[in-house]
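Taken in sequence, the protein lines are chains A and B. Mapped onto numbering that gives the first Met the number 0, the consecutive letters of the first sequence carry residue numbers 0 to 239. Mapped onto numbering that gives the first Met the number 0, the consecutive letters of the second sequence carry residue numbers 0 to 276.
Hints may contain errors.
Claimed, not checked - Listed next, the in silico DSS-like pairs over lysine-lysine satisfying Cα-Cα at most 25 Å (straight line):
| hint | chain 1 | residue 1 | chain 2 | residue 2 |
| --- | --- | --- | --- | --- |
| 1 | B | K98 | A | K1 |
| 2 | A | K1 | B | K75 |
| 3 | B | K96 | A | K10 |
| 4 | A | K10 | B | K34 |
| 5 | A | K10 | B | K98 |
To be clear, the hints were calculated from the coordinates, so they are not data collected in a lab.
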Amino acid sequence: MKVNPPDAYWKKDVTLFFSRRFALVIKMVYPLAIIGPVAASGIPEQYKAAVIGIVAIMAGTFGSGESLTSDLNDGILGRVALTPIRPQRIVFEVLAVNALLDFLQLLPALLVAYLFNLAPAVWMLAATFAVFTTLVAANCIGVFIANFTTSPADVLLYATAILFPLIYVSGFFRNQDPSGLSAALRDFVPFAYMNDALKAVFGLATPTTPLEVFVYPTLICVVVIFAVCLTGPKLLSPRM
Amino acid sequence: MGPNGSGKSTLLRVLSTALRPDSGAFRVGGTDSLKSPRVVRAQTGLMVDRPTHYGDLSGWANAYFFARAYGMAEEKAEASLTELFDYFDLAEYRDDKVKTYSYGMGKKLALIEALAHGPRLLLLDEASLGLDYTSQLAYQRKIRDLKESGVAILLGSNQVDEVESLCDRVAFLHRGRLIQEGSPEELISSIKGVRRIEAALRNPVGYGAVEEVPGVARVVPEGRNLVVHCEDRPGIVADVVAGVVNAGGDITDLAVRRPNLEDVYVKLTGEALLNEG
Chain A
0 MKVNPPDAYW KKDVTLFFSR RFALVIKMVY PLAIIGPVAA SGIPEQYKAA VIGIVAIMAG
60 TFGSGESLTS DLNDGILGRV ALTPIRPQRI VFEVLAVNAL LDFLQLLPAL LVAYLFNLAP
120 AVWMLAATFA VFTTLVAANC IGVFIANFTT SPADVLLYAT AILFPLIYVS GFFRNQDPSG
180 LSAALRDFVP FAYMNDALKA VFGLATPTTP LEVFVYPTLI CVVVIFAVCL TGPKLLSPRM
Chain B
0 MGPNGSGKST LLRVLSTALR PDSGAFRVGG TDSLKSPRVV RAQTGLMVDR PTHYGDLSGW
60 ANAYFFARAY GMAEEKAEAS LTELFDYFDL AEYRDDKVKT YSYGMGKKLA LIEALAHGPR
120 LLLLDEASLG LDYTSQLAYQ RKIRDLKESG VAILLGSNQV DEVESLCDRV AFLHRGRLIQ
180 EGSPEELISS IKGVRRIEAA LRNPVGYGAV EEVPGVARVV PEGRNLVVHC EDRPGIVADV
240 VAGVVNAGGD ITDLAVRRPN LEDVYVKLTG EALLNEG
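The following block holds chain B by itself, in its conformation from the complex (with noise of 0.2 Å):
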């Protein structure tokens, strides 16, 4: 995770061999990723956050080349993407032309490449974002089933909930520097005294009040709702609660959650901004 430039596409892309580090050397199955980058490649699979293809080739011809490109047999990339067409809910559309496909079947079919070969490293780059919702839960599904056979995943992503609920260690880049690293568990009890306070509302409302609160740290707009980090003080909620009504806030819901990720982002991005300052 990491705002914006923090450096995650460019880590995926060293770690995919598109790019020599400045220094440094990684492994992948015991294979020096630098000296024999094409063996590396081999194992690796990997979703660009923008993935193209050949428009004028159907999804299935895409899927094909890549799969062959991999190495693999012709019964055996027949039957994967078979597989992985229906998985996906795409073979009702393999045979159609990719430029006729929705940014989200093209976000499906670049999974399908990624993951048609067998990769013992998945390198996923934004990859869910895009997919509808029951396409998302089958991503989530597949990524589970996946770690559980062994594969290695590197999922570059901003997306708070997925990287909560799919990876095992998270790791914050800020400038290309990595600033903390830990299970989700872990980093959200490191920040302790944080409240989360999630407050729907009926009508948007101007939110500078809210913010002189006393212990608010940050006041996110989501759509007419807010959400408000702050300070873990008696009575804390009461101040908000008040900021948001004196704003003209009218509240048809309330929510006082622990810290999530996104909090821990919120603390990280800003120690760093403050650190630089």
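Here chain A stands alone, though its shape is the one from the complex (with noise of 0.2 Å):
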């Protein structure tokens, strides 16, 4: 399969991603520079799922929310609207293509976790995909930002705003067991899963099961992405 010249929006976006070497390069390095070392040390493990957790998120969430902003303000995200492409399907491509990169820039700094805390290979598994899907969660929160704004600055001002109540429902650093209102919000929750599946690999005990991990996860995500290809429309129509 060919991808440059590129004949699909995501093909394009992969091979953009490849081309920029010095970018390529930082990208790659800097979740391992930030996992690599916590997952080493000795800090308590729950707060070692956190950091991994919190990372995914930051990742996702500006990945799709920055390019997208940017190639609207350039206005080629415009002119890419106005080809027979249907907006949903560019979004669809956006999301699908963004979380696979970034999943790609962090499954090094996953493996080296996985290395120093090593665990059964289910929970490694399903940590490696509850990962993937909050990846997903995460640039589906990116996309349904930029509907609102053109600006990279604005993004991450957004990004703080939704994602601060996600991280306390998801119980990364408090709210460690939720219970009434706040256990039912958890349970809708991606990054739930990923911190559960996260600290079952460092040895917590957890009363999620990996095959939760695998399921709920991925309803929620169908239903998200779902939601936010129907913005596409209003996304790609210019900003007058």
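Both chains come to you apart, so use the hints to assemble them.
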């Protein structure tokens, strides 16, 4: 399969990702630089899981949000939107390719974390999958935010406002044993399943089973992807 | 044609389906553009006034991406792009990153992207602005060829010479409204009693005195030269020349021409402003 010259939006993103060599090195190194030392350190396991989770959420949200707002600012995305490609398909491709590229950036760091904390294979697989679904969900948030601004700086601001409550509900730092409404809300946040799976990898007990880590975030992501793709026509319409 | 803010780009945005009109409808090749915008987009070639590209991709990769986005098969896209890159003298630079392109090269690339898929409707906004002379000739030849082959072309431009030589019909817009429409000949013949005096000067001069000459409607400096729009009355050329000389101008060449689209433009925008007043 030929990626360059690109004949699809996602191939264009892949080509650009690998063509900016310096940026590529930075993108591949920074997750390792953050997660590697944390995974090798003796800090409490719940914080190791939290650090990986935060890196995944931030990388995902800013990945598509920043690239989309940048393309919207340039006007190039508006031009692409005037081709016969469906806007929903463009948004889906943006989501899918950004989530995969973000995953590619995080994978070496994850493998290093697993090396330092050997766990049952099923939990390592579940955690890896959960990181991917987190990236998908975070990219969805990035695309959602891009509906309201063309400024990459605003993406940071809005993302913070959206992500903080979600991170709190997911139990990364506080709210470790939620109950009532908090527990009910937690079930709908994909980040929570990643947090549970990573905690299991680092040796902590979790009420979530590996099967739940595979099934529930997948269902949540399908719904969220569908909803975000529906914003395609608005997202790609000219900003006056 | 129309002054800045008259609605040329907005009209092209509406026709390209980027914007929905407040009211009304239009069809492209029989297809209702509001109901089936994607069908219309597939038949439309578009070049916006400030084209943008993916700077880290090559010119070829940009053009290929758009050609495929318009549904062209791989082989057809390659054949069409090869021909157009040759035609616009970009073949040598096709593999260079677009961020290294000059403004004019970027415009040529945008033209290639607009033409590659063989559109039935071509929407061009200030397409030739920034092109070098040779490229402008190539562009004009291509537009004429496309017109001969049955492509409908709508050109938004304020370059009078280009519009006069390329367009069958000219529409003047002012503040979002159509104020005049017709063939260039019809429009030019509609302004009877107008002359255009072009004076080439050795040095630039103040032209206030020329504006005071009875019958002079407007004086436009073009570098060191003056273009005088005036009534067609006996003796006016001598009066204008005297005005220029009195202002300290040393005339090296003088031409009295029939009105052109520029005079129509000046007349129409002036009338529109007067009507508003």
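Taking the hints in turn, this is what the structure says about them:
1. For the hint linking B:K98 to A:K1, the alpha-carbon distance of about 23 Å falls within 25 Å, and the restraint holds.
2. Annotation: proposed proximity of A:K1 to B:K75 holds, straight-line Cα distance about 16 Å (limit 25 Å).
3. This hinted pair checks out: B:K96 and A:K10 have alpha carbons roughly 17 Å apart, not beyond 25 Å.
4. For the hint linking A:K10 to B:K34, the alpha-carbon distance of about 30 Å lies beyond 25 Å, and the restraint is violated.
5. In summary, the hint linking A:K10 to B:K98 is supported, as the alpha carbons are separated by about 19 Å, within the 25 Å threshold.
Violated hint for the displayed structure: number 4, the only one.
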